[in-house]
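Trainee: Here's the letter readout for the chains.
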Amino acid sequence: MTELAMIPPGLVLIAAGLLLPLFNAQIRAAIIVVAPLIALALVWNMPDGPVLTMNWLGYELTPVTGDNLSRMFGTVFAIMALIGGIFALNQARVVELASAFVYAGSAIGVVFAGDLITVFIFWELMAIGSTLVIMSNGDEAFGPGMRYAVIHFFGGVVLMAGIAGEIATTGSIAFQPMQTDSVFRWLILFGFVINTGAPPLHPWLPDAYPKSSWSGMVFLSAFTTKTAVYTLIRGFPGAEVLIWVGLFMIFYGLIYALNENDTRRKLAYSIINQVGFMVCAVGIGNEIALNGAAAHAFVHIIYKALLLMSAGSVLYMTGISKFTQLGGLFRSMPMTTICCIIGALSISAAPFTSGFPAKSLIANGAAEAHMTLVWFLLTGAVAGVYIVAIKLPWFIFFQKDSGLRPAEPPLSMRLAMYAASALCIGFGIFPGALYSMLPVATDYNPYTGGHLVSQFQLLLAGTIVFFALLKWLKRTETISLDVDWFWRGFGKLLAREFDVRTGIAWQGLASNVSNMVQRFVKTIYKHHGPEGMLARTWPTGLMAFWTTVLLAATLILAYV
Amino acid sequence: MADDKKLPADHDHWLVRESTIRNLWILLIAVFVLSIAAETVWHPHPHFSLDAIFGFGAWFGLLSGFALVVVTKSWAIFVKRKDTYYD
Chain A
1 MTELAMIPPG LVLIAAGLLL PLFNAQIRAA IIVVAPLIAL ALVWNMPDGP
51 VLTMNWLGYE LTPVTGDNLS RMFGTVFAIM ALIGGIFALN QARVVELASA
101 FVYAGSAIGV VFAGDLITVF IFWELMAIGS TLVIMSNGDE AFGPGMRYAV
151 IHFFGGVVLM AGIAGEIATT GSIAFQPMQT DSVFRWLILF GFVINTGAPP
201 LHPWLPDAYP KSSWSGMVFL SAFTTKTAVY TLIRGFPGAE VLIWVGLFMI
251 FYGLIYALNE NDTRRKLAYS IINQVGFMVC AVGIGNEIAL NGAAAHAFVH
301 IIYKALLLMS AGSVLYMTGI SKFTQLGGLF RSMPMTTICC IIGALSISAA
351 PFTSGFPAKS LIANGAAEAH MTLVWFLLTG AVAGVYIVAI KLPWFIFFQK
401 DSGLRPAEPP LSMRLAMYAA SALCIGFGIF PGALYSMLPV ATDYNPYTGG
451 HLVSQFQLLL AGTIVFFALL KWLKRTETIS LDVDWFWRGF GKLLAREFDV
501 RTGIAWQGLA SNVSNMVQRF VKTIYKHHGP EGMLARTWPT GLMAFWTTVL
551 LAATLILAYV
Chain W
1 MADDKKLPAD HDHWLVREST IRNLWILLIA VFVLSIAAET VWHPHPHFSL
51 DAIFGFGAWF GLLSGFALVV VTKSWAIFVK RKDTYYD
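Chains as they are written, first to last, in our numbering: chain A, 1 to 560; chain W, 1 to 87.
There may be inaccurate statements among the hints.
Below 30 Å or equal to it, Euclidean Cα-Cα: the simulated DSBU-like pairs (lysine-lysine) are [claimed, not checked]:
{"id": "1", "chain 1": "A", "residue 1": "LYS471", "chain 2": "W", "residue 2": "LYS80"}
{"id": "2", "chain 1": "A", "residue 1": "LYS322", "chain 2": "A", "residue 2": "LYS400"}
{"id": "3", "chain 1": "W", "residue 1": "LYS80", "chain 2": "A", "residue 2": "LYS492"}
Hints were generated in silico from the structure; no laboratory data involved.
Just need the whole structure built from these sequences, with the hints factored in.
Mentor: Given below as structure tokens:
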């Protein structure tokens, strides 16, 4: 067992990802199912403390170390690789699956990393893997994939600068809780926060994720933002700035998700909203809130994947992802409809679904810390999340009859959705299973009569507001400009203007040079051309005359 | 891949009939009122003073939900563009 624990679980998935392109579909399917199960077994067998150390350039690296927090994130990442892999079995682009497994393995690598250098290595591997997942969806995904890569590699540079400074000033490479008391630690925090999708450096998320394939976004939603949440829990618990960053993310995500017409772009904004709860919880920083951040990340990965799988199934079967073109699909896709509703209830923290025991911890953390404003904003956001959450099943599966009658997706896709649905309900009914994995043991019970009554009131109020204001919420074929307008819109205009101005200047310069060259050529031609004075054939008499003049001059000079 | 076919819109499914929608509205309001009434039996544990007011979840949920929709619609006035904007 000790030898087994020495095998980094993340490397199993990375190796599987690299092997996938070498095999045919049947063997690939077997690898997709078996590799995450092996990784899961290794995660569960991971003991506490460092299990693997090595020397590298004079640094004592700890590539694998275990504790409850690492095992919790490792567990859900391995589960997600399995569910996402099964959902993607029909995906013809092997590059996507291979990259997704490298990406998932790298995420597991981060959560078991015991030092900042290992964190950074796997962090960058994640950026490469996720970029390839996006770009593997063809030409249309290339631009968004490049924009995604630019922000993530910028984040990597910031993180590297912070880590280098931290090591230089403290001499330690250990990845442990830090105070925001030096510029290098702020850089590390900033590097982590970029990956949470916090505005204004968030556009990589709603810009690039929806451009991935119907299966790609299921993987993308799971790893990057949640690994960032893990690093914040591990590295910056109680950093107060995160409370306000998180709250901003919550409401920013809500507003944009509610305005959105694309099913998967809406879910991308919803990721920002949900990760906001986790970031806020890390900022609150007490035990119950940190437990809440970890629990919320765990359940969020599953219910967000479920929502994306239902939206992905609709995209797969119809080729459509706009709310305005969908509607009434419950008639021919009843099981997908039910799965989507389960996901929507879970994200809304409806009792008896997985979101309820997780989000309750966060609100309770704020209450215990006597953060009145934070608690009220978090509670208000719950009703808001519900309104945004209903939007997805309502506009895809009900709303109006679009006339579309797509069949249910293939069996493998349905199985993945059923598995995620079962986990959403299972963790909701048996919160003990979720709480048993928490970083700190808790005896918190979310199912008290008063708490249930209050939560049902909030959710029913949200339902009434949604249906009462349905006319206001009707979708149109529009987008909402976001911060990326500065480089996709304004930046483009600026570049075009620069192009025009430099074009004029260049033309002026080129014509000046051309004129000078022409004048030079003309002068040469004038003197040396066929009619030029220096190129003329001179008469012999003239030559004799000048020779005589020169000789006479020489004679005179000789006598002078 | 897609075996969907455009069919004439049908409004006959029981779930989309007007009578069903009316009944669902009645049910929703009834359950909402019941959830408020249930507070007389199961008291939520208030953390602050405002959430000790009767039916807090209900009125706060209505208020915050309404506020979210209003803010969202207002913000849309400034940032909404045709979805071909970047094409």
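Trainee: Each hint should be assessed against the structure and marked as holding or not.
Mentor: Status of each hint after checking the structure:
1. A:LYS471 to W:LYS80: holds (17 Å)
2. A:LYS322 to A:LYS400: holds (13 Å)
3. W:LYS80 to A:LYS492: holds (19 Å)
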